[in-house]
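Peer 1: Chains as they are written, first to last, in the working numbering: chain A, 1 to 357; chain B, 358 to 714.
Hints are not guaranteed to be accurate.
To be verified - Here are the simulated DSSO-like pairs of lysine-lysine, each with C-alpha atoms no more than 30 Å apart in a straight line:
id, chain 1, residue 1, chain 2, residue 2
1, A, Lys153, B, Lys672
2, A, Lys315, B, Lys544
3, A, Lys187, B, Lys672
It should be emphasised that the hints constitute simulated quantities derived from the structure, not laboratory data.
Now for the letters of each chain:
2 protein chains.
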Amino acid sequence: MCGVIVRTISWDTHGPAVRMIDQQRLPTAVEFLTLETYESVATAIREMSIRGAPAIGAAAGFGLALAAARSSTGSAQDLWQELTTAAEVLRGTRPTAVNLLWAINRMLKVAEASMVSGIETMRQALVDEAQRIADEDVEINRRIGAYGASFIKNGDTIIHHCNTGALATVDFGTALGVIRTAHEDGKRIHVLVDETRPRLQGARLTAWELDQYGIPHEIITDNAAGYFLQRGEVASIFVGADRVAANGDIANKIGTYMLALAANDNDVPVYCAAPLSTIDRKTASGEAIPIEERDPSEVLDIQRGGMPISPQGSKARNPAFDITPHRLVTALITEAGILEPPFDQSISHAFHHEDEE
Amino acid sequence: MCGVIVRTISWDTHGPAVRMIDQQRLPTAVEFLTLETYESVATAIREMSIRGAPAIGAAAGFGLALAAARSSTGSAQDLWQELTTAAEVLRGTRPTAVNLLWAINRMLKVAEASMVSGIETMRQALVDEAQRIADEDVEINRRIGAYGASFIKNGDTIIHHCNTGALATVDFGTALGVIRTAHEDGKRIHVLVDETRPRLQGARLTAWELDQYGIPHEIITDNAAGYFLQRGEVASIFVGADRVAANGDIANKIGTYMLALAANDNDVPVYCAAPLSTIDRKTASGEAIPIEERDPSEVLDIQRGGMPISPQGSKARNPAFDITPHRLVTALITEAGILEPPFDQSISHAFHHEDEE
Numbered sequence: 001m002c003g004v005i006v007r008t009i010s011w012d013t014h015g016p017a018v019r020m021i022d023q024q025r026l027p028t029a030v031e032f033l034t035l036e037t038y039e040s041v042a043t044a045i046r047e048m049s050i051r052g053a054p055a056i057g058a059a060a061g062f063g064l065a066l067a068a069a070r071s072s073t074g075s076a077q078d079l080w081q082e083l084t085t086a087a088e089v090l091r092g093t094r095p096t097a098v099n100l101l102w103a104i105n106r107m108l109k110v111a112e113a114s115m116v117s118g119i120e121t122m123r124q125a126l127v128d129e130a131q132r133i134a135d136e137d138v139e140i141n142r143r144i145g146a147y148g149a150s151f152i153k154n155g156d157t158i159i160h161h162c163n164t165g166a167l168a169t170v171d172f173g174t175a176l177g178v179i180r181t182a183h184e185d186g187k188r189i190h191v192l193v194d195e196t197r198p199r200l201q202g203a204r205l206t207a208w209e210l211d212q213y214g215i216p217h218e219i220i221t222d223n224a225a226g227y228f229l230q231r232g233e234v235a236s237i238f239v240g241a242d243r244v245a246a247n248g249d250i251a252n253k254i255g256t257y258m259l260a261l262a263a264n265d266n267d268v269p270v271y272c273a274a275p276l277s278t279i280d281r282k283t284a285s286g287e288a289i290p291i292e293e294r295d296p297s298e299v300l301d302i303q304r305g306g307m308p309i310s311p312q313g314s315k316a317r318n319p320a321f322d323i324t325p326h327r328l329v330t331a332l333i334t335e336a337g338i339l340e341p342p343f344d345q346s347i348s349h350a351f352h353h354e355d356e357e
Numbered sequence: 358m359c360g361v362i363v364r365t366i367s368w369d370t371h372g373p374a375v376r377m378i379d380q381q382r383l384p385t386a387v388e389f390l391t392l393e394t395y396e397s398v399a400t401a402i403r404e405m406s407i408r409g410a411p412a413i414g415a416a417a418g419f420g421l422a423l424a425a426a427r428s429s430t431g432s433a434q435d436l437w438q439e440l441t442t443a444a445e446v447l448r449g450t451r452p453t454a455v456n457l458l459w460a461i462n463r464m465l466k467v468a469e470a471s472m473v474s475g476i477e478t479m480r481q482a483l484v485d486e487a488q489r490i491a492d493e494d495v496e497i498n499r500r501i502g503a504y505g506a507s508f509i510k511n512g513d514t515i516i517h518h519c520n521t522g523a524l525a526t527v528d529f530g531t532a533l534g535v536i537r538t539a540h541e542d543g544k545r546i547h548v549l550v551d552e553t554r555p556r557l558q559g560a561r562l563t564a565w566e567l568d569q570y571g572i573p574h575e576i577i578t579d580n581a582a583g584y585f586l587q588r589g590e591v592a593s594i595f596v597g598a599d600r601v602a603a604n605g606d607i608a609n610k611i612g613t614y615m616l617a618l619a620a621n622d623n624d625v626p627v628y629c630a631a632p633l634s635t636i637d638r639k640t641a642s643g644e645a646i647p648i649e650e651r652d653p654s655e656v657l658d659i660q661r662g663g664m665p666i667s668p669q670g671s672k673a674r675n676p677a678f679d680i681t682p683h684r685l686v687t688a689l690i691t692e693a694g695i696l697e698p699p700f701d702q703s704i705s706h707a708f709h710h711e712d713e714e
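With the rest of the complex left out, here is chain A (with noise of 0.2 Å):
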């Protein structure tokens, strides 16, 4: 078994409908959602029903295959129309992870190439190429998760942060697959869970997957991290990456950068693993970044419609990423292999090696 259950998110070709895990709902219950329009799917992006940079990715693939599979149109020109206002929706859900843009921008350029060819073949292509998506993903983790092995040892803890799992990916994970990969090879691994405030995406979906993987872990505080890398007791710091600018500046989930302060305080390596799609070359550093703000009640509930644990009427603010500049990471790990500063010039190389390909 590759993944925790089934893959995160999936096409059932008898709806047609996009299948995935509700993850607002785990680690409480384990269900599935059944989507059949890209409107819902849209919601469930915005809500966070799916979530993780990769999962993004592929759930906005999924949702333009839908629109197509189930626009009742007869002329590839009107589906085109329509595909166009279903990518703007899509694209509105939530502007940091590119995974989301990098998605749009693939199955739009099927739908423009195929178009020619009629709105049946069209279709086809279109879930052909969210499906294409979707499988690439997992064998993306795979490369990543063995590239990124070899940076843990026997015996190593390591800090976790926000969900890098099977959960946020298609399948297997980016950071978590790399620590999975790590313990299906034999050694003994120790994590330690950034709980991940506020959405808790660490103490439900990463200590839930552990549990499943059956490597051992405690859940910490985020601001918790900064203890244990102090007393010595933490070998390396693992994160993923909603959006990685062209200098390596990195955004990621809400916490990332005084995470990596405290490990670059302390001598600790900080890695990075994300596939080459989550890497923006068009944005130059991580100011350029547009960072989403959620919703405060995030903050003030535990969970939504939760429990309350501030005075009534308290006001939050909800950052849900922060910048984690790029002299504080150690390396990034890829699909297409280990980047190592400068970043500006790995990145480029690893490019410019792609696009030969």
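Given chain A's structure and the hints, the job is docking chain B onto it.
Peer 2: Frame of chain A, contents of chain B only:
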């Protein structure tokens, strides 16, 4: 009105009893505990119905006064024995805040000195001394507030960690007392309130206090502080301390170290407000300060008996404090004035001055 409503902790002569706000119930309910035995005071400290280094000191003082007032013995020698037992129990409640030990030592000295005068004198001396510790605390906090307010400018946005207000002291507060003083001076202030996982002293207690004082504020997750610092939105950091070592290293609520790192990375000053009773000259540096590790359930559930936010059977680590090295601290604000680096010298000087008075 100086305080929140009444003092956080006070002596009830009719009991005799110790009366305190139950901080486990805030902000949902404002309820008071009336404790009639030193054992129940010890439980209140351990379970954090009362918390904050100065408040814990006062509670230990009142706890010993209660042991004396409630004792049925007729012999001063027996009372001394009972007091040493009570002191042992109170000392064992929480290891990090040195004010606990400081207050117990102060009470035992009074007990020892008054023994020759007979048991009734001894009883009264202990009640008087506990009351004096409480009264002095309010006066000390006012002086800390006055000294520290000069660091706050009109229009400042301040990040505050944990709770250091009236609720963490007998009344008025240390770091929050400085913020209150600046507010009373007419300065326009905005506070970003670190929620302070796991026990949420920021979201539950500091937000509640700031509400009472009419000081504008927004709650943030602890891991979001770096984001606001990085964007240049923050003028200063204000924290308290549970113990300050002779070299200026600070043991404070978990997360202070990471917050101080993020402040330093962005050239934002870090101010620590604490009474001299929090400075432990017998402890050379932070490494020697004992750090309490509390029950994992505080991390795994939101509030005790609250909502589980992690898979069943999950493990957690829960260090309650961390050490902020003195290199990250801009100044200590004490009732004896502002102490600046090198802290070993300024601390030594402050106590020399104090000893002379």
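Peer 1: If you check each hint against the structure, which ones fail?
Peer 2: none
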